[in-house]
Amino acid sequence: MSDPFDDIPFGDDEPPRPEPAQGSIAARAMAARRQQAPSYLEGLNPEQRRAVETTEGPVLVLAGAGTGKTRVLTTRIAHILSLGLAFPSQILAVTFTNKAAREMKERIGVLVGEAIEGMPWLGTFHSIGVKILRRHAELAGLRSDFTILDTDDQVRLVKQVIQAEGLDDKRWTPRSFAHMIDGWKNKGWGPRDIPEGDARAFGEGRGRELFAAYQDRLKTLNACDFGDLLCHPIRLLRDNPDVLAEYHRKFRYILVDEYQDTNTAQYMWLRLLAQRPASKDAGLAEAPAPYVSGSASPAEGGARDRAPDDFSSAPAEAGSRSERPAVSANRAAEGGGPAPQGAERPVSVNICCVGDDDQSIYGWRGAEVDNILRFEKDFPGATVIRLERNYRSTQHILGAASHLIAHNEGRLGKTLFTEAADPDHAKVQVHAAWDSDEEARAIGEEIEALQRNGHDLDDMAILVRASFQMREFEDRFIRMGIEYRIIGGPRFYERMEIRDAMAYLRVVAQPADDLAFERIVNTPKRGLGDASVRLVHDHARARGIPMLEAARDIVATEEMKPKPRAALRELVESFDRWRERMDRTPHPELAETILDESGYTAMWQNDRSAEAPGRLENLKELVRAMEEFESLRAFLEHVSLVMDAEQKEHLDAVNIMTLHAAKGLEFGTVFLPGWEEGLFPHQRSLDEGGRSGLEEERRLAYVGLTRAKTNCHIWFTSNRRIHGMWQGTLPSRFLDELPAAHCDVAEPTGVGGGYGSYGASRFDRADPFSSDRPSPGWQRARANRTDATARNWGSRSGVGVERIGYGEADSGYGAGRKSVKGRVIEGELVAKSVADTPSEFAVGDRVFHLKFGNGNVVAVDGNKLTVAFDKAGEKRVLDGFVERV
DNA sequence: CACAGGCTAATTTTT
DNA sequence: TTAGCCTGTG
Numbered sequence: 001m002s003d004p005f006d007d008i009p010f011g012d013d014e015p016p017r018p019e020p021a022q023g024s025i026a027a028r029a030m031a032a033r034r035q036q037a038p039s040y041l042e043g044l045n046p047e048q049r050r051a052v053e054t055t056e057g058p059v060l061v062l063a064g065a066g067t068g069k070t071r072v073l074t075t076r077i078a079h080i081l082s083l084g085l086a087f088p089s090q091i092l093a094v095t096f097t098n099k100a101a102r103e104m105k106e107r108i109g110v111l112v113g114e115a116i117e118g119m120p121w122l123g124t125f126h127s128i129g130v131k132i133l134r135r136h137a138e139l140a141g142l143r144s145d146f147t148i149l150d151t152d153d154q155v156r157l158v159k160q161v162i163q164a165e166g167l168d169d170k171r172w173t174p175r176s177f178a179h180m181i182d183g184w185k186n187k188g189w190g191p192r193d194i195p196e197g198d199a200r201a202f203g204e205g206r207g208r209e210l211f212a213a214y215q216d217r218l219k220t221l222n223a224c225d226f227g228d229l230l231c232h233p234i235r236l237l238r239d240n241p242d243v244l245a246e247y248h249r250k251f252r253y254i255l256v257d258e259y260q261d262t263n264t265a266q267y268m269w270l271r272l273l274a275q276r277p278a279s280k281d282a283g284l285a286e287a288p289a290p291y292v293s294g295s296a297s298p299a300e301g302g303a304r305d306r307a308p309d310d311f312s313s314a315p316a317e318a319g320s321r322s323e324r325p326a327v328s329a330n331r332a333a334e335g336g337g338p339a340p341q342g343a344e345r346p347v348s349v350n351i352c353c354v355g356d357d358d359q360s361i362y363g364w365r366g367a368e369v370d371n372i373l374r375f376e377k378d379f380p381g382a383t384v385i386r387l388e389r390n391y392r393s394t395q396h397i398l399g400a401a402s403h404l405i406a407h408n409e410g411r412l413g414k415t416l417f418t419e420a421a422d423p424d425h426a427k428v429q430v431h432a433a434w435d436s437d438e439e440a441r442a443i444g445e446e447i448e449a450l451q452r453n454g455h456d457l458d459d460m461a462i463l464v465r466a467s468f469q470m471r472e473f474e475d476r477f478i479r480m481g482i483e484y485r486i487i488g489g490p491r492f493y494e495r496m497e498i499r500d501a502m503a504y505l506r507v508v509a510q511p512a513d514d515l516a517f518e519r520i521v522n523t524p525k526r527g528l529g530d531a532s533v534r535l536v537h538d539h540a541r542a543r544g545i546p547m548l549e550a551a552r553d554i555v556a557t558e559e560m561k562p563k564p565r566a567a568l569r570e571l572v573e574s575f576d577r578w579r580e581r582m583d584r585t586p587h588p589e590l591a592e593t594i595l596d597e598s599g600y601t602a603m604w605q606n607d608r609s610a611e612a613p614g615r616l617e618n619l620k621e622l623v624r625a626m627e628e629f630e631s632l633r634a635f636l637e638h639v640s641l642v643m644d645a646e647q648k649e650h651l652d653a654v655n656i657m658t659l660h661a662a663k664g665l666e667f668g669t670v671f672l673p674g675w676e677e678g679l680f681p682h683q684r685s686l687d688e689g690g691r692s693g694l695e696e697e698r699r700l701a702y703v704g705l706t707r708a709k710t711n712c713h714i715w716f717t718s719n720r721r722i723h724g725m726w727q728g729t730l731p732s733r734f735l736d737e738l739p740a741a742h743c744d745v746a747e748p749t750g751v752g753g754g755y756g757s758y759g760a761s762r763f764d765r766a767d768p769f770s771s772d773r774p775s776p777g778w779q780r781a782r783a784n785r786t787d788a789t790a791r792n793w794g795s796r797s798g799v800g801v802e803r804i805g806y807g808e809a810d811s812g813y814g815a816g817r818k819s820v821k822g823r824v825i826e827g828e829l830v831a832k833s834v835a836d837t838p839s840e841f842a843v844g845d846r847v848f849h850l851k852f853g854n855g856n857v858v859a860v861d862g863n864k865l866t867v868a869f870d871k872a873g874e875k876r877v878l879d880g881f882v883e884r885v
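The numbers in full-length UniProt numbering rise by one with no breaks, and the one at position 725 of the first sequence is 725.
Heads up, some of the hints might be wrong.
Claimed, not checked - Calculated pairs, EDC-like style, for lysine to aspartate or glutamate (alpha carbon to alpha carbon, straight line, at most 16 angstroms): (1) LYS864 with ASP845; (2) LYS561 with ASP596; (3) LYS709 with GLU737; (4) LYS709 with ASP424; (5) LYS219 with GLU103; (6) LYS159 with GLU246; (7) LYS871 with ASP459; (8) LYS851 with GLU376; (9) LYS561 with GLU874; (10) LYS620 with GLU589; (11) LYS525 with ASP538; (12) LYS871 with GLU840; (13) LYS131 with GLU246; (14) LYS159 with GLU209; (15) LYS414 with ASP456; (16) LYS709 with ASP687; (17) LYS414 with GLU42; (18) LYS864 with GLU666; (19) LYS864 with GLU558; (20) LYS187 with ASP370; (21) LYS525 with ASP607; (22) LYS709 with ASP553; (23) LYS131 with ASP152; (24) LYS864 with GLU883; (25) LYS219 with GLU106; (26) LYS663 with GLU103; (27) LYS525 with GLU597; (28) LYS620 with ASP652; (29) LYS563 with ASP530; (30) LYS563 with GLU592; (31) LYS187 with ASP198; (32) LYS525 with GLU570; (33) LYS864 with GLU549; (34) LYS525 with ASP596; (35) LYS851 with GLU630; (36) LYS709 with ASP530; (37) LYS187 with GLU165; (38) LYS159 with GLU138; (39) LYS620 with GLU666; (40) LYS851 with GLU874.
I should point out that these hints are in silico values taken from the structure, not numbers from a laboratory. Note that the structure is a prediction, hence the values are computed from the model and not measured.
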């Protein structure tokens, strides 16, 4: 019904789609198509075709930039479906971004024809993680309607935990701890798995306890952070072999996009699903999983078709399949003849990973290039296919990129080449500018010139290392009247108004969602300030109930002053009303009602600021977007995981984005500004990542270069404003790593003749591109980095020392001060009222209340007491807030 | 509760 | 330089 996961019961392997009746025209057409090479295979080059047709066993496709990676992936799926090797629901295909998943779905649709059922298991690691987790939530200690917290919620929760532990959240910032937790979860670690050193490094050595406390809070909130969406399924599958076996039987084919970006948790997750450890006992070999039996006895029809449980039902196209022997599922079995399952080799599903180690640029968020480098060891007998035939760029661009990336060590090694005739394409142009101002102006002028020559702005891009560089271009382009668009700004669901609105909806759908409740309890302003919220919060924690329930308790008493109390009662009643309407009102309508009645819409209507109209517009868009979903819950899930801002404008505009955001895209002309030491490679990568940091920066440069189809312009400046101060800069060492044969030093065309004072550089020499690596420019850059650059870019040492000194001096008094206040009070509450649900107070008891002072209990009603206070008179209070004297 | 002023930190970003 | 956050004041 309205349950978002009702529509994916385990029986989804039987898509309710009509099969063409045997002998029907459709069936004959399908059969005919199988005789000859299907049309979708046409136009693939031999390597691509091999990657598509090697459906069995582990396959690693090393797909260089512009070699048709997505095409291979989608065609491979189409191929599997078209041969009837599996149902759509038996193919697990994972990507990193929703965008990639969407594109893949679309392209498969085109290949296979729209008749194909959607692929339920094509999605991001996280969305598939959720799907698994919803089904088996109870095995992870959650209810299946758990909430997914985004980064913001996560940080707020971490902050609460840090404060509850009595730590100073200045010294131990929630942000950094949330980051640490993410790091741990990227490795698949729970509180007990983290190394002692890590645990000691935070919160006065209490990192582990804090982590555990955080996980505890998540559990009580019935919530997951993003990391949990990977970690819970891993633990769940590992601890429940029967569940794992179900998925083993279910997924016949696994495909992974951008494998070089997988982190350790994702890797564990994949290996769990893709591989069973070698079975040691004969018993298992006799009763193998269906796909193993299929390979051991590839008889037609086969037991595999009639496998007893709904996970393993094979395609129902009986007619077509019996013509082909069931394909053996793994190489180990293939080689060993019948019943080789007892072998040491782990049994792998048909897993196909596609990636490019040279484009691994997400190490900083946990990606392990090592995963791709190790593939052949992990999956013995793997087929490795290299795609090196590039369809995107000119010889010069490929030459420059290849030469640059060759400076990295530990690559799997690919060399891109193009077969396209390469008449007189321009070499990669290297430009120097005096400062970033001139850089932006010159690029703007070049763009105008190109535009005059009939080039589309859409086909040009400026790829920067860091987003602060964008502003310079925006300013310039506005002044010059060049249309531009920024790719990768803030996301739709990250906007304040959207998050607020979502918080309302979340509280309605999930009353235990305290984080959402806290977010909107005083938005719009209701006069419920810190003190009121704290009261509710403390009561909720003390009794282990959701804040909304705590609020309900509190408004029945006189704990609060009349004004906030009335406001809170109003809010509680509103939520009751909305929840009551939830099941009988269409959810978009309900959302409108909520935003209206809560005063949220009015708040923005009364706001005179410039953004207010846009925010109202966004709210409307939110409501509109809801219409596409079956239920409020389905919608909530979509937003937390998937929803992103759509680019509406269709006008011709230059694209401005970071190098990271550019991965996977291509443009006729690409501008790469800011190739200076300290900016690119970025000082921080160097400081924190050492050599591997540098190599990742170099891969980023490689990604930048390979985005260009025909023209590529690299720029560096002699001066750049860093944190508001002008600094002299040195050309990037990457410039020295470009091959002379494919690059030109552009003549200065700029008006102000700007870069003369850049000083002696290799660009003044006759042969600027000497190929020996430690060229003068590089050496100079390195020599200078310690003084000029390090100073300019604030290398950590100086600041770090200072910080440690400050921190230690501060920790004693800072932490002490905070903890007394926050912790003790809370501790008392917990100690007292958790123990006794019915009140431990009796009529006649003498009690003390923080606000009302001493008094005598005159009536007891559950956890609510009526007390005759000596000074304040008779009041209704919560037992949690008084103590016996 | 709202606002002003001080302090801090300052890549990359998906889910 | 600047934006965002926190603290202290009215």
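Comparing the hints with the structure gives:
{"no.": "1", "hint": "LYS864 with ASP845", "verdict": "holds (14 angstroms)"}
{"no.": "2", "hint": "LYS561 with ASP596", "verdict": "violated (26 angstroms)"}
{"no.": "3", "hint": "LYS709 with GLU737", "verdict": "violated (21 angstroms)"}
{"no.": "4", "hint": "LYS709 with ASP424", "verdict": "holds (14 angstroms)"}
{"no.": "5", "hint": "LYS219 with GLU103", "verdict": "violated (35 angstroms)"}
{"no.": "6", "hint": "LYS159 with GLU246", "verdict": "violated (39 angstroms)"}
{"no.": "7", "hint": "LYS871 with ASP459", "verdict": "violated (77 angstroms)"}
{"no.": "8", "hint": "LYS851 with GLU376", "verdict": "violated (69 angstroms)"}
{"no.": "9", "hint": "LYS561 with GLU874", "verdict": "holds (14 angstroms)"}
{"no.": "10", "hint": "LYS620 with GLU589", "verdict": "holds (11 angstroms)"}
{"no.": "11", "hint": "LYS525 with ASP538", "verdict": "violated (21 angstroms)"}
{"no.": "12", "hint": "LYS871 with GLU840", "verdict": "violated (24 angstroms)"}
{"no.": "13", "hint": "LYS131 with GLU246", "verdict": "holds (14 angstroms)"}
{"no.": "14", "hint": "LYS159 with GLU209", "verdict": "holds (14 angstroms)"}
{"no.": "15", "hint": "LYS414 with ASP456", "verdict": "violated (32 angstroms)"}
{"no.": "16", "hint": "LYS709 with ASP687", "verdict": "violated (33 angstroms)"}
{"no.": "17", "hint": "LYS414 with GLU42", "verdict": "violated (25 angstroms)"}
{"no.": "18", "hint": "LYS864 with GLU666", "verdict": "violated (66 angstroms)"}
{"no.": "19", "hint": "LYS864 with GLU558", "verdict": "holds (10 angstroms)"}
{"no.": "20", "hint": "LYS187 with ASP370", "verdict": "holds (13 angstroms)"}
{"no.": "21", "hint": "LYS525 with ASP607", "verdict": "holds (13 angstroms)"}
{"no.": "22", "hint": "LYS709 with ASP553", "verdict": "violated (66 angstroms)"}
{"no.": "23", "hint": "LYS131 with ASP152", "verdict": "violated (23 angstroms)"}
{"no.": "24", "hint": "LYS864 with GLU883", "verdict": "holds (13 angstroms)"}
{"no.": "25", "hint": "LYS219 with GLU106", "verdict": "violated (37 angstroms)"}
{"no.": "26", "hint": "LYS663 with GLU103", "verdict": "holds (15 angstroms)"}
{"no.": "27", "hint": "LYS525 with GLU597", "verdict": "holds (14 angstroms)"}
{"no.": "28", "hint": "LYS620 with ASP652", "verdict": "violated (27 angstroms)"}
{"no.": "29", "hint": "LYS563 with ASP530", "verdict": "holds (14 angstroms)"}
{"no.": "30", "hint": "LYS563 with GLU592", "verdict": "violated (27 angstroms)"}
{"no.": "31", "hint": "LYS187 with ASP198", "verdict": "holds (13 angstroms)"}
{"no.": "32", "hint": "LYS525 with GLU570", "verdict": "holds (13 angstroms)"}
{"no.": "33", "hint": "LYS864 with GLU549", "verdict": "holds (14 angstroms)"}
{"no.": "34", "hint": "LYS525 with ASP596", "verdict": "holds (14 angstroms)"}
{"no.": "35", "hint": "LYS851 with GLU630", "verdict": "violated (48 angstroms)"}
{"no.": "36", "hint": "LYS709 with ASP530", "verdict": "violated (57 angstroms)"}
{"no.": "37", "hint": "LYS187 with GLU165", "verdict": "violated (25 angstroms)"}
{"no.": "38", "hint": "LYS159 with GLU138", "verdict": "violated (27 angstroms)"}
{"no.": "39", "hint": "LYS620 with GLU666", "verdict": "violated (34 angstroms)"}
{"no.": "40", "hint": "LYS851 with GLU874", "verdict": "holds (13 angstroms)"}
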